[in-house]
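**Student:** Residue-level listing of the chains:
Protein chains: 4
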Amino acid sequence: MARRKIGIWIIGAKGGVAATVTVGLVALKKGLAPNHGLVTQLPQFAGLDLASFGDFTIGGHEIREVSLYDEVVQLVRVSKAIDAELVAKCKPDLDKIDKNIKPGTLWNVGNKIEQLATDDLRKLKAKETPRAAIDRVQADIQEFQTKNKLDQVVVVNLSSTEPPVDEATVPAKWKDLAKTLDKKTCPLAASSLYAIAALELGIPFVNFTPSLGSAPAAIQELAIERDTCHMGHDGKTGETLMKSVLAPMFAARNLPVMSWVGHNIFGNLDGKVLDDPENKKTKVRSKDRLLHQILGYSPQTLVSIEYIESLGDWKTAWDHIHFQGFLGLPMVLTFQWQGADSLLAAPLVIDLVRLTERAHRNGDRGLLTFLASFFKSPIGVPNHNFVEQFQMLQSWAEKVEAKK
Amino acid sequence: MARRKIGIWIIGAKGGVAATVTVGLVALKKGLAPNHGLVTQLPQFAGLDLASFGDFTIGGHEIREVSLYDEVVQLVRVSKAIDAELVAKCKPDLDKIDKNIKPGTLWNVGNKIEQLATDDLRKLKAKETPRAAIDRVQADIQEFQTKNKLDQVVVVNLSSTEPPVDEATVPAKWKDLAKTLDKKTCPLAASSLYAIAALELGIPFVNFTPSLGSAPAAIQELAIERDTCHMGHDGKTGETLMKSVLAPMFAARNLPVMSWVGHNIFGNLDGKVLDDPENKKTKVRSKDRLLHQILGYSPQTLVSIEYIESLGDWKTAWDHIHFQGFLGLPMVLTFQWQGADSLLAAPLVIDLVRLTERAHRNGDRGLLTFLASFFKSPIGVPNHNFVEQFQMLQSWAEKVEAKK
Amino acid sequence: MARRKIGIWIIGAKGGVAATVTVGLVALKKGLAPNHGLVTQLPQFAGLDLASFGDFTIGGHEIREVSLYDEVVQLVRVSKAIDAELVAKCKPDLDKIDKNIKPGTLWNVGNKIEQLATDDLRKLKAKETPRAAIDRVQADIQEFQTKNKLDQVVVVNLSSTEPPVDEATVPAKWKDLAKTLDKKTCPLAASSLYAIAALELGIPFVNFTPSLGSAPAAIQELAIERDTCHMGHDGKTGETLMKSVLAPMFAARNLPVMSWVGHNIFGNLDGKVLDDPENKKTKVRSKDRLLHQILGYSPQTLVSIEYIESLGDWKTAWDHIHFQGFLGLPMVLTFQWQGADSLLAAPLVIDLVRLTERAHRNGDRGLLTFLASFFKSPIGVPNHNFVEQFQMLQSWAEKVEAKK
Amino acid sequence: MARRKIGIWIIGAKGGVAATVTVGLVALKKGLAPNHGLVTQLPQFAGLDLASFGDFTIGGHEIREVSLYDEVVQLVRVSKAIDAELVAKCKPDLDKIDKNIKPGTLWNVGNKIEQLATDDLRKLKAKETPRAAIDRVQADIQEFQTKNKLDQVVVVNLSSTEPPVDEATVPAKWKDLAKTLDKKTCPLAASSLYAIAALELGIPFVNFTPSLGSAPAAIQELAIERDTCHMGHDGKTGETLMKSVLAPMFAARNLPVMSWVGHNIFGNLDGKVLDDPENKKTKVRSKDRLLHQILGYSPQTLVSIEYIESLGDWKTAWDHIHFQGFLGLPMVLTFQWQGADSLLAAPLVIDLVRLTERAHRNGDRGLLTFLASFFKSPIGVPNHNFVEQFQMLQSWAEKVEAKK
Ligand SMILES: NC(=O)c1ccc[n+]([C@@H]2O[C@H](COP(=O)([O-])OP(=O)(O)OC[C@H]3O[C@@H](n4cnc5c(N)ncnc54)[C@H](O)[C@@H]3O)[C@@H](O)[C@H]2O)c1
Ligand SMILES: NC(=O)c1ccc[n+]([C@@H]2O[C@H](COP(=O)([O-])OP(=O)(O)OC[C@H]3O[C@@H](n4cnc5c(N)ncnc54)[C@H](O)[C@@H]3O)[C@@H](O)[C@H]2O)c1
Ligand SMILES: NC(=O)c1ccc[n+]([C@@H]2O[C@H](COP(=O)([O-])OP(=O)(O)OC[C@H]3O[C@@H](n4cnc5c(N)ncnc54)[C@H](O)[C@@H]3O)[C@@H](O)[C@H]2O)c1
Ligand SMILES: NC(=O)c1ccc[n+]([C@@H]2O[C@H](COP(=O)([O-])OP(=O)(O)OC[C@H]3O[C@@H](n4cnc5c(N)ncnc54)[C@H](O)[C@@H]3O)[C@@H](O)[C@H]2O)c1
Ligand code: NA
Ligand code: NA
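Residue numbers (the UniProt record's numbering), protein chains in the order written: chain A, 1 to 404; chain B, 1 to 404; chain C, 1 to 404; chain D, 1 to 404.
Simulated from the structure, these hints should not be mistaken for laboratory data.
What you are looking at is a predicted structure, and each value in this text was computed from that prediction instead of being measured.
Heads up, a few of these hints could be off.
The list makes no distinction among identical chains, and a pair is therefore deemed to hold if it is satisfied within one copy or across any two copies.
Straight-line distance between alpha carbons at most 27 Å, and here's what the computed DSS-like set of lysine-lysine pairs gives [claimed, not checked]:
#1 K96 with K149
#2 K147 with K99
#3 K123 with K173
#4 K281 with K184
#5 K404 with K179
#6 K281 with K112
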């Protein structure tokens, strides 16, 4: 059988994670980089017939004027996280991909993000209704698909974290929500417009950010109606991954956690956006949710996220866990996590695209809950125990393989 | 139904862990302490009909002359790990238990441990054959059972870590091993003699130490023959517990671990014994085994255990994990674990006794592999993933409960 | 010569530090505790003829209703920082000292602190002018001195950190400031009223808190006028001490610090008060000041102070220092400081009282700048290099000794 | 005045530190790198009239066959510590310097180091007397000086750490030591032969390694006799620097240190050599010496140095300091130091050469004790307090400047 051609349409296509996904896929195609960090390269997923690195074409939406290459060079120079020689070899490909990237929408993204955007987009925002923005987004995606002769497109949201949307104001039924799209009072933010754009077209949607995206019930309804699938939200890459691995230990050992303090510092663009109290709120909520679920009670928690410029992409997290042992004795575990954020995220994004495409091909519809292990706040999955979430992924793979 | 009376016969009955088990059980009986750290107090084990704290009577073997109370006071004064007021309230009970503790055996325990023992025991060692020592140990246990009208006894080894025994020199069949017991050349060390003593009597045996104990095939055969059960070895309380929780994360995320360095410092008697290179060897092996199994490859590892007197019971571990992310980028996780070793171990010992007694009552024979999550080197269980080991425990509990 | 009797008059006399000073002095008098943490017990100060532990009598002002003993028991039970047996032996003395403690003033202390106070004091505050409050405070101190036949009194401020006072609103001359004391619009807060009360009487004043105290030029003028001495502010006990020791190393090695992040967590009453953004501002400013002075430039800094109840008196600080090495290479130093805050502070308070009394006896007047090493923000001393500050103390001691 | 031309003759000229010194000086000359890490670039030394980066010519001795460029590429690729682009620009200069590097001597360097050497050198070692080796070394240095028309040469030892030499076997007088140089039983190791070679020629010698070098009394006598100067030993770059900064704090605050544990891990060639127990002994002694001097008593200490290949040049140190506070309460400070070893060392080597050349020009003879702050074990200086050592450097600079 001829290989199927798969398009990855990235929202926030010139951000740190997106640029790393892009340079990474180019490097993997060319055989210039190892498979590290890619879950889908583990032996237990070898029989799944997943799309190969060579099958992918990349495009997307952005709001800033910058070249992919310049974005990547930042990761080389400031963060020393990607090899200069590797990037030099990928430059021509990056320049070509640049041309697939179109202006996105700023609907309800808040001040901090608007300030990043081009003047044109800010003006457009004042004029365009949400519906018009969706139409434009859809036209871009369809043009990308046609021009590149793609068998399938997957849309992934890698754009900046939006301020929280009050979910109570979002109508629960698709037909009611659809009506708001023509109005200036539409409560949704851009991430949800992108989700609607994709799902209406029957295209799978993955939300790697803590923004609302496809989470509202009405949009979940739309996905089912259009016979497609989606999942979110907020990629689980560092401190929260550690929480979902350590908290089950404290639970299983009946060691009550009295307090769990987590301080995160980093200096990339994501960090700058999250430095705004409004945008930070969305993220902190997502990082703080799981402890209660895993432990069955609520220790005092503190999550801080601070922009420290010199760190660049190097997210450093320090967590202090104060727990009680036998006879009530207080004990302490601390950890220090030093990882380059975009390089932790990028392989998971590639994994999610490969698995989502495979699930869609398999006929999975609605929420892809088996992807829970990839997310800080997996929609529809109350279990935050990482190993148990990973078992869900393995079981799904076994079932899909058995069907072949 | 009248409550069954259960005896806990502890080898190393005046050591740090033993003393904590003892004062802890007294405190729990009197309602003076919370349940923290006891796995068997989790809701999922509530329906198992486990023995209650009030059902236990404690006795055991020792080689040093010291009172339980004095041993506990060390944990109060030096380590500030147990409350002075609590201990004061338990003193009369501790003094009574002291009388149940008999002289043990020093067979092949090596120099370091022999130096701790009384002169009498050292002299006895020169005269007694292994068989004679076993007979004496059995008589002590049986007297304990009769005098205290116990329905069941469980033997737990909490004695000092012995130097390694060359397993190749231990006959594989019980009938061949039994013959060596009359000879001065018997290759076994004390921990295995205690195991044989218990199992021959049909009494369950739990080995909380890294010493060989009941691990040899010939002794496993004996357990089956005498229709009883056993498990080991080396309680998983700190750094290794962390490894069995963190390594599966690196495996599941395909993040190759390049090196894993673990430094352990502490200052109790256990630390003093492990400071001897011979005895340390046994422990390091036990702490180092699991990474290969979980990861499927062998990163460079280093495990150090050092005696730092001022720390007392406070085991402080610092681990440095160097791993490779996407595009081969090196990243670092470090953790610092500060826990009082005896208070981490003691509740697990109580758990193991309760679960072993229950398993025996249930008819389980041979190795109790469902107890794997409690051990650094669970005999007969290749899986070191903590969460999956814990699932084995939960499944067992469900089956036992279903049978009721 | 007969021993001189010295009174220590503590503002905030039942707070954590005050209670530790008190129980500590009682224990030292009785020979129940070692000298650890007392700078004045170092050999280089042995020839200074400082007051002995037995020479001190304690009294002070408070705003809460609580007994010294109950306050100390918190440090025993919650924080496991002081020995239960020690406290039992000191109880009678604590109960006696309780009687020397009088109601203080709430002038401009802000909401957070007012909430701690008794109803009576809150009512009094509404009625009393600053001048009246000062008069009352002076009467209390004089009664204490007379009743206890004290040769000298030293006043130390150990009360809760006040919200910042706008220093621009404080008149620069004492005669102008004195006039505001009769008005409701007086800009000073309680710490400065206490300072005025002491200095007007010619009594030395030490400000261990970051509150303004005697720092305003007008109050410094008063001290000189009344022929007495004073110093402040903010005791240097933990993270900032570390900064004043580490930053000089980065400076001397020409290793540019790019960012210095400090996170502090603790759970005592001080932590609760500092949890209020207004009060926290005063503290953060004091902790953040010195880096610029030592380094000669301003790296990005972040200081957080968070109330984590379970930690009690155990202040845990995590600092992350990101610096540039040769050829611009970024490197990292992190440290973790785990100390009981009140036990770090208390010996310094005793040192300050002994040294201040000695300086006063020696004829030193105005600011006691040689005490700089004890303070986060030493008034009048631009040098924050700890070792150089300590040399100032040693030089002073040599000079005083030479004069004898 | 015309610039003076200065030669740096490096023993171990292709090692990690040497390669970094070399590439660094080339980069500094070309204006491609910032001054970070160079103490001599601080404002307080601006008036000293030190040699400029452009004044230096590099040569030296080696025992391995490798090119400087290849050595530097390791620091680029494995350790990601030096910029690839920077190195590319310096390659021609490195290739030229390669030609100035001559075969050294293996006298008494022990097995581990011999294994690194070329066959030729191993054979030569069997034949040559120490005296013959010294003569050869001197001829190489003189040829270097003549050929490059150098006004002054400074010899710096940057070669691998030798196993300890029993100092008791080294004659105390130069005339007695000189006699042993003709014998196979000469107790000195190579580092001392190099020292003798330099000093006999009146050339200053700096020993950056913990090897004995010029430390013996007889060699110190030689330096004076030949009217030249020298200093050592063991550059203070990481964990020990931290100790010399932190220990004075514990001393000044009268906080008794109970134990100080330091674990060092790294993976460069130096680490491989130090992995040999013999060579490690020399280093550990040097790292462990200072605490007693600073504190005035000897806490329990532990220093480990372990070779962890994946870390490359990144020396990671974890130190655990257990100290006693007021009323005897135990408290803990831990730190984690992550620095690239060669990049920490290289600027100090350049500083030492500049300062030694200046001191020689100034007429300083014998031990240059004012350089103490640069060394873990400064010969002839009992004071290990870093800030006070740095004051010695500043005072010297003031005096030299005043003389100008
Ligand atoms: N480890 C990780 O990096 C990680 C983990 C979990 C989640 N995330 C989330 O992934 C997202 C991307 O992270 P990043 O580090 O790449 O951030 P980034 O700031 O580097 O990139 C975000 C990009 O989105 C663009 N953008 C913003 N609003 C847009 C809009 N409305 N339409 C189109 N483009 C828009 C921005 O211009 C920017 O280029 C963030 O929301 C982040 O919180 C990242
Ligand atoms: N967290 C933990 O404390 C932990 C975890 C896993 C395993 N372990 C193991 O548990 C054991 C006990 O630890 P501990 O801290 O109580 O040590 P410990 O040294 O305080 O106690 C051991 C006791 O065993 C006694 N003993 C030694 N040889 C004996 C013999 N042949 N017969 C009878 N008694 C003997 C000693 O006299 C001592 O009282 C050690 O082997 C240790 O390695 C402990
Ligand atoms: N390591 C340290 O503990 C440390 C270091 C530097 C500075 N300080 C400062 O020392 C002070 C005391 O610290 P603490 O831990 O004892 O705090 P604390 O909250 O335990 O004690 C403060 C006491 O002051 C009393 N108080 C408040 N306002 C008062 C007023 N106007 N008059 C009289 N009493 C008043 C409170 O009731 C309380 O009893 C704080 O300002 C703190 O920031 C402490
Ligand atoms: N931060 C630091 O890197 C640091 C700090 C203090 C001291 N030091 C010391 O500096 C020295 C150099 O460190 P490095 O990291 O460059 O080590 P390295 O192993 O990379 O370099 C040492 C070089 O010396 C050469 N050599 C060995 N014996 C020799 C001999 N007899 N004659 C000539 N050359 C010889 C080796 O071949 C090697 O090239 C070591 O002794 C080290 O302990 C280094
Ligand atoms: Na123990
Ligand atoms: Na306090």
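**Student:** Using 27 Å as the alpha carbon limit, work out where K147 and K99 are close: within a copy, between copies, both or neither.
**Tutor:** within (12 Å within a copy, 59 Å between copies)
**Student:** Are the CA atoms of K96 and K149 at most 27 Å apart within a copy, between copies, both, or neither?
**Tutor:** For K96 and K149, only the intra-copy Cα distance (16 Å) is at most 27 Å; the inter-copy one is 56 Å.
**Student:** Please sort K281 with K184 into within, between, both or neither, judging by C-alpha distance up to 27 Å.
**Tutor:** Intra 24 Å, inter 41 Å, cutoff 27 Å: intra-copy only.
**Student:** Check K404 against K179 for me: Cα-Cα at most 27 Å, and say if that holds within a copy, between copies, both or neither.
**Tutor:** neither (42 Å within a copy, 58 Å between copies)
**Student:** From the Cα coordinates, with 27 Å as the cut-off, is the pair K123 and K173 best called within, between, both, or neither?
**Tutor:** neither (31 Å within a copy, 57 Å between copies)
**Student:** For K281 vs K112, is the C-alpha pair at or below 27 Å within one copy, between two copies, both, or neither?
**Tutor:** Answer is both; intra-copy 13 Å and inter-copy 26 Å each pass.
Of the numbered hints listed earlier, those contradicted by the structure are 3 and 5.
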